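S.K.: Model the full assembly from the supplied sequences, consistent with the hints where possible.
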Amino acid sequence: MTTNLTINTLTCEYKVNPIGLDIRKPRISWKIQSDRRGTMQTAYRIQVTENDQEFTNVLWDTGEIHSDQSIHVEYKGPALTPQTRYYYRVKVWDNFGTESEWSEMAWWETGIFYDAEWKAKWITPHPNEVDPLSEPAFLLRKEFKLTSPIRSARIYGTGVGLYELFINGDRVGTDLFSPGWTSYHKRLQYQTYDITEQLCEGNNAMGIVLADGWYKGNMSWENKRHIYGDRRAAYFQIHVKYEDGTEEIISTDATWKASTGPILFSEIYQGEIYDARLEKEGWNKPGFNDKDWHGTTVQDMPITHLVAQENWTTQVTEIIKPINTFVTPSGDTVLDMGQNMVGRIRFQVEAPKGTTIILKHAELLDNEGNIYFGNLRKAHQEVKYIAKGEGVETFAPHFTFQGFRYVKVEGYPQQEKGLISENFVGEVIHSAMEATGKFECSDPLVNQLQQNIVWGQRGNFLDVPTDCPQRDERLGWTGDAQVFIQTALFNYHGGPFFTKWLRDLKAEQYPDGGVPFVIPTVVEGANAAAWSDAATIIPWEIYKTYGDKRLLSEQYESMKAWVEYMRRQGPDEYLWAVTFNFGDWLALDAPSGSYSGSTPKDFIATAFYAYSTRLLRNAAEVLQKEEDVEEYNSLLEKIIEQFNHEFVSPSGRLVSPTQTAHVLALIFDLVEGKVKERTAVQLNELILQNNYHLTTGFVGTPYLCLALSKCGYHETAVKLLMQEGYPSWLYSVKKGATTIWEHWDGIKEDGSFWSDEMNSFNHYAYGAIGNWMYRVVAGLDLNDTAPAYKQIQIEPKFAGISLTHAKATYDSMYGKIGSSWRLTNEDIEIEVEIPANTTATITLPSTRLENVRESGALLDATAGIYKSYEKEGNVILKVGSGFYSFKYGNEVGFKVTFTEESRLVDVLEYKATKHILDQYAPGITNPPGIFAMKMKTLRELADFPEANLSINTVNVLIEELNKIEWDLAPVQ
Numbered sequence: 000m001t002t003n004l005t006i007n008t009l010t011c012e013y014k015v016n017p018i019g020l021d022i023r024k025p026r027i028s029w030k031i032q033s034d035r036r037g038t039m040q041t042a043y044r045i046q047v048t049e050n051d052q053e054f055t056n057v058l059w060d061t062g063e064i065h066s067d068q069s070i071h072v073e074y075k076g077p078a079l080t081p082q083t084r085y086y087y088r089v090k091v092w093d094n095f096g097t098e099s100e101w102s103e104m105a106w107w108e109t110g111i112f113y114d115a116e117w118k119a120k121w122i123t124p125h126p127n128e129v130d131p132l133s134e135p136a137f138l139l140r141k142e143f144k145l146t147s148p149i150r151s152a153r154i155y156g157t158g159v160g161l162y163e164l165f166i167n168g169d170r171v172g173t174d175l176f177s178p179g180w181t182s183y184h185k186r187l188q189y190q191t192y193d194i195t196e197q198l199c200e201g202n203n204a205m206g207i208v209l210a211d212g213w214y215k216g217n218m219s220w221e222n223k224r225h226i227y228g229d230r231r232a233a234y235f236q237i238h239v240k241y242e243d244g245t246e247e248i249i250s251t252d253a254t255w256k257a258s259t260g261p262i263l264f265s266e267i268y269q270g271e272i273y274d275a276r277l278e279k280e281g282w283n284k285p286g287f288n289d290k291d292w293h294g295t296t297v298q299d300m301p302i303t304h305l306v307a308q309e310n311w312t313t314q315v316t317e318i319i320k321p322i323n324t325f326v327t328p329s330g331d332t333v334l335d336m337g338q339n340m341v342g343r344i345r346f347q348v349e350a351p352k353g354t355t356i357i358l359k360h361a362e363l364l365d366n367e368g369n370i371y372f373g374n375l376r377k378a379h380q381e382v383k384y385i386a387k388g389e390g391v392e393t394f395a396p397h398f399t400f401q402g403f404r405y406v407k408v409e410g411y412p413q414q415e416k417g418l419i420s421e422n423f424v425g426e427v428i429h430s431a432m433e434a435t436g437k438f439e440c441s442d443p444l445v446n447q448l449q450q451n452i453v454w455g456q457r458g459n460f461l462d463v464p465t466d467c468p469q470r471d472e473r474l475g476w477t478g479d480a481q482v483f484i485q486t487a488l489f490n491y492h493g494g495p496f497f498t499k500w501l502r503d504l505k506a507e508q509y510p511d512g513g514v515p516f517v518i519p520t521v522v523e524g525a526n527a528a529a530w531s532d533a534a535t536i537i538p539w540e541i542y543k544t545y546g547d548k549r550l551l552s553e554q555y556e557s558m559k560a561w562v563e564y565m566r567r568q569g570p571d572e573y574l575w576a577v578t579f580n581f582g583d584w585l586a587l588d589a590p591s592g593s594y595s596g597s598t599p600k601d602f603i604a605t606a607f608y609a610y611s612t613r614l615l616r617n618a619a620e621v622l623q624k625e626e627d628v629e630e631y632n633s634l635l636e637k638i639i640e641q642f643n644h645e646f647v648s649p650s651g652r653l654v655s656p657t658q659t660a661h662v663l664a665l666i667f668d669l670v671e672g673k674v675k676e677r678t679a680v681q682l683n684e685l686i687l688q689n690n691y692h693l694t695t696g697f698v699g700t701p702y703l704c705l706a707l708s709k710c711g712y713h714e715t716a717v718k719l720l721m722q723e724g725y726p727s728w729l730y731s732v733k734k735g736a737t738t739i740w741e742h743w744d745g746i747k748e749d750g751s752f753w754s755d756e757m758n759s760f761n762h763y764a765y766g767a768i769g770n771w772m773y774r775v776v777a778g779l780d781l782n783d784t785a786p787a788y789k790q791i792q793i794e795p796k797f798a799g800i801s802l803t804h805a806k807a808t809y810d811s812m813y814g815k816i817g818s819s820w821r822l823t824n825e826d827i828e829i830e831v832e833i834p835a836n837t838t839a840t841i842t843l844p845s846t847r848l849e850n851v852r853e854s855g856a857l858l859d860a861t862a863g864i865y866k867s868y869e870k871e872g873n874v875i876l877k878v879g880s881g882f883y884s885f886k887y888g889n890e891v892g893f894k895v896t897f898t899e900e901s902r903l904v905d906v907l908e909y910k911a912t913k914h915i916l917d918q919y920a921p922g923i924t925n926p927p928g929i930f931a932m933k934m935k936t937l938r939e940l941a942d943f944p945e946a947n948l949s950i951n952t953v954n955v956l957i958e959e960l961n962k963i964e965w966d967l968a969p970v971q
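Residue numbers (numbering that gives the first Met the number 0): 0 to 971.
Since the hints were derived computationally from the structure, they do not count as laboratory data. These figures come from a predicted structure and were not determined experimentally. The beta-carbon is built from N, C-alpha and C at its ideal position, and this holds for glycine as well. Among these hints, one or two may not hold up.
Keeping only pairs whose Cα atoms sit at most 30 Å apart, straight-line, the calculated DSS-like set for lysine-lysine is [unchecked claim]:
1) Lys877 - Lys548
2) Lys815 - Lys90
3) Lys815 - Lys866
4) Lys144 - Lys290
5) Lys789 - Lys75
6) Lys437 - Lys407
7) Lys796 - Lys933
8) Lys733 - Lys789
9) Lys870 - Lys733
10) Lys320 - Lys416
11) Lys352 - Lys320
12) Lys437 - Lys733
13) Lys935 - Lys675
14) Lys290 - Lys352
15) Lys894 - Lys913
16) Lys815 - Lys789
17) Lys806 - Lys734
18) Lys144 - Lys240
19) Lys24 - Lys548
20) Lys284 - Lys256
21) Lys14 - Lys24
22) Lys673 - Lys933
Per label pair, the in silico range of CB-to-CB distance [claimed, not checked]:
23) Val522 - Glu553: 49 to 57 Å
24) Gly651 - Gly368: 50 to 58 Å
25) Gly62 - Gly711: 51 to 59 Å
26) Gly62 - Val522: 49 to 57 Å
M.R.: Here it is as structure tokens:
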């Protein structure tokens with residue numbers, strides 16, 4: 000049997016054909032396609048050339064390397080030259096003896112490596128001619144002449160705050176909000192663009208627009224300005240290579256001209272004012288008359304902290320159209336985009352000169368149907384456009400973004416007759432991450448929840464992982480980022496995004512190891528459990544997901560410094576009894592007047608101290624730091640010992656009776672044996688006693704369902720997910736949410752709002768439930784000992800009748816992984832897709848080997864299955880790559896089974912069972928008796944006088960309940 004073996008998706012440092020890399024030893028990855036099950040790479044060969052697409056003069060040839068490594072293969076050829084394109088290709092051999100053809104050619108291009116290569120000067124308008132603190136955006140221009148035919152041209156550079164570039168009147172690239180937001184004093188990204196096609200022999204012109212942005216604009220609720228500096232400046236140079244082999248550099252210097260233009264005001268929070276009457280036609284083209292423009296001056300600023308672009312750039316990633324236009328009860332004309340989005344509105348208009356159009360952006364309508372701006376706090380989110388009166392004009396703001404679903408429109412011509420919705424579109428803006436994961440199931444509300452999770456990530460991953468995109472905050476809160484990290488890395492490729500952000504975290508970390516609350520740091524405060532632990536949790540999750548050992552090594556000292564910071568706090572080095580902590584932020588068991596839940600803060604702090612120490616120990620093992628492995632393993636054991644001494648009673652009960660306390664103890668493996676069993680039982684009881692509702696906040700919620708499923712209470716976890724009443728994930732969906740809310744009751748049941756002071760409707764933290772949906776419900780997971788999904792775990796879990804189908808797919812570093820299951824009354828169908836060069840362990844629940852068929856065949860006759868056995872009522876398979884379709888009988892059937900140990904609250908869940916209960920125990924569901932009985936088992940009801948049920952009647956009741964023929968969805 001021959002194998003069709005091919006290679007696709009070649010990447011260098013996670014990216015396809017990246018330009019401007021400053022990495023001296025870039026890493027190459029590829030994906031393998033094979034039509035044969037069980038395909039593993041046994042060898043590879045890489046060839047790299049310098050500017051040679053024909054591969055006639057190979058710079059580096061690995062030869063045939065016997066290895067299954069296909070990700071992060073480090074370049075080990077001759078030293079790379081700056082500003083040079085390198086082409087590469089790959090071929091592989093597999094375990095069936097097949098040799099692939101060479102892959103399609105790919106490339107990377109180096110940027111500037113050394114400070115001496117920079118010839119540019121930082122320039123800004125001369126302060127004697129243009130007020131450096133004035134609000135209008137600056138325009139900078141320079142004309143130059145190119146004397147020969149052009150072979151290639153690149154522009155390298157950056158700006159502070161934000162910039163847009165033009166060559167000969169055309170925009171350079173499609174990036175927005177460049178150069179991005181970093182810890183500017185320590186790290187400033189520069190960008191590289193190929194402008195070969197935009198230049199010409201003869202006269203050319205370059206234009207730059209500069210605005211405040213994050214660098215010097217107003218930031219945070221404290222309304223700080225000039226955090227990093229009080230001068231905008233540009234720093235660029237064009238490298239031209241002529242056909243005759245000569246080169247020329249054109250750079251920013253004091254010969255450039257400066258002016259202001261139509262952008263009168265532009266701020267991240269407040270919006271933008273654009274007066275089209277002030278446009279300077281042709282200002283960025285050659286031949287423009289700039290005699291009235293002002294001079295520029297050289298700004299004294301460092302270049303030693305310049306780094307090449309790391310993150311995905313920020314782009315318009317989708318365009319959506321309004322679903323409605325209407326007039327509110329208060330008389331406002333409003334656009335409804337149908338989705339709480341982040342980005343901007345682009346519109347076209349034909350209007351008389353001087354017509355002023357104002358767009359005011361908001362997330363919601365209030366319960367009277369009027370547009371609601373209260374939760375924006377000091378952020379205005381207002382765009383003002385003044386028409387020039389010359390035919391049809393099109394506009395979108397340049398240096399601001401809004402978080403909104405609804406847009407109040409003022410001043411649009413003839414809007415009193417109704418807005419023409421076709422004249423408006425929403426441009427969705429975020430870091431242009433590659434989408435990698437998908438999830439769907441049989442419940443439409445859960446599917447909407449998944450969409451809300453994804454949209455929440457899109458809205459808040461605009462260069463940094465912000466908490467919210469609308470109010471006067473939009474900051475890189477460490478806690479939000481770390482609780483959501485696993486969900487984030489499933490939905491989108493987060494390698495470049497978090498590489499950049501973690502480097503900023505490391506740069507901002509204090510000498511004592513403390514970690515600020517927000518990264519980049521623009522507000523005071525540091526060293527909070529679950530927040531600052533982003534320093535350890537996120538590097539580890541990146542390593543697990545992508546196998547990025549280099550980044551783990553780079554961040555290791557930062558991880559270690561944070562653990563050592565905690566170790567030094569307080570009189571006991573094995574407990575972290577902090578003086579300040581956010582606690583279980585926004586938990587529903589918080590005392591009156593507090594945002595922090597009832598779980599003791601030292602309990603939370605010590606739990607995360609242990610978790611971070613465990614991850615540091617794990618990182619030391621990966622990096623082969625043997626002394627540290629021993630040191631931090633010992634520290635971990637002592638922390639856990641002290642945790643049990645401090646927070647577990649002698650009889651084995653946690654001292655904190657909160658859901659979050661029990662969740663953390665279980666998920667971080669802080670208790671074991673009988674104490675663990677009791678903690679799991681008690682967690683389940685806490686959920687049941689709250690009528691299958693949660694009370695957890697930011698700290699407990701991400702792990703809640705994971706802990707329940709891990710400890711044998713998966714059915715309880717599913718019931719938590721499926722709850723539609725407050726508080727629950729689906730409560731907001733039922734209220735019309737299209738993103739995740741900051742509060743469980745951002746909109747209360749009566750339609751009123753939570754307090755204006757902190758009520759974001761696009762706040763992704765509670766979307767961390769997605770991680771459990773993908774890993775547990777769909778069953779798509781990895782083996783922690785083999786990062787990047789080299790060894791895949793497929794173990795779907797079923798519970799009850801709420802879900803009859805679930806499917807997850809994930810585009811890993813090795814290729815597409817899929818796990819899908821479907822239940823009927825008769826059968827269970829499970830489909831699995833495993834990419835080449837990986838293996839998987841598949842768990843088929845509730846069956847026996849002889850009952851399972853794969854594509855209609857017995858398992859022992861199935862190619863790709865290496866091992867099969869039964870364990871604890873399940874079938875376990877060890878398989879190689881390929882697509883597998885399993886089918887076996889549903890021995891349980893599609894039904895809810897009741898026993899004497901079933902709770903009354905479970906009988907009350909469905910109309911059909913409640914109806915039968917009322918027949919056998921009339922009035923049992925009426926208050927006040929129901930409040931005392933609902934947590935009782937059916938057997939216990941026989942001992943409860945108010946139930947008026949004998950044990951015989953209870954047994955008859957159970958028989959009747961188990962006779963119900965269920966539909967493929969619960970009868971609610």
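S.K.: Does each hint fit the structure? Answer for all of them.
M.R.: Against the structure, the hints:
no. : hint                        : in the structure
1   : Lys877 - Lys548             : holds, 27 Å
2   : Lys815 - Lys90              : holds, 20 Å
3   : Lys815 - Lys866             : holds, 23 Å
4   : Lys144 - Lys290             : holds, 18 Å
5   : Lys789 - Lys75              : holds, 24 Å
6   : Lys437 - Lys407             : violated, 34 Å
7   : Lys796 - Lys933             : holds, 27 Å
8   : Lys733 - Lys789             : violated, 39 Å
9   : Lys870 - Lys733             : violated, 40 Å
10  : Lys320 - Lys416             : holds, 20 Å
11  : Lys352 - Lys320             : holds, 27 Å
12  : Lys437 - Lys733             : holds, 22 Å
13  : Lys935 - Lys675             : holds, 24 Å
14  : Lys290 - Lys352             : holds, 26 Å
15  : Lys894 - Lys913             : holds, 15 Å
16  : Lys815 - Lys789             : holds, 12 Å
17  : Lys806 - Lys734             : holds, 25 Å
18  : Lys144 - Lys240             : holds, 14 Å
19  : Lys24 - Lys548              : holds, 14 Å
20  : Lys284 - Lys256             : holds, 13 Å
21  : Lys14 - Lys24               : holds, 15 Å
22  : Lys673 - Lys933             : holds, 27 Å
23  : Val522 - Glu553: 49 to 57 Å : violated, 26 Å
24  : Gly651 - Gly368: 50 to 58 Å : holds, 55 Å
25  : Gly62 - Gly711: 51 to 59 Å  : holds, 52 Å
26  : Gly62 - Val522: 49 to 57 Å  : holds, 54 Å
Hints 6, 8, 9 and 23, counting from the list given before, are not met by this structure.
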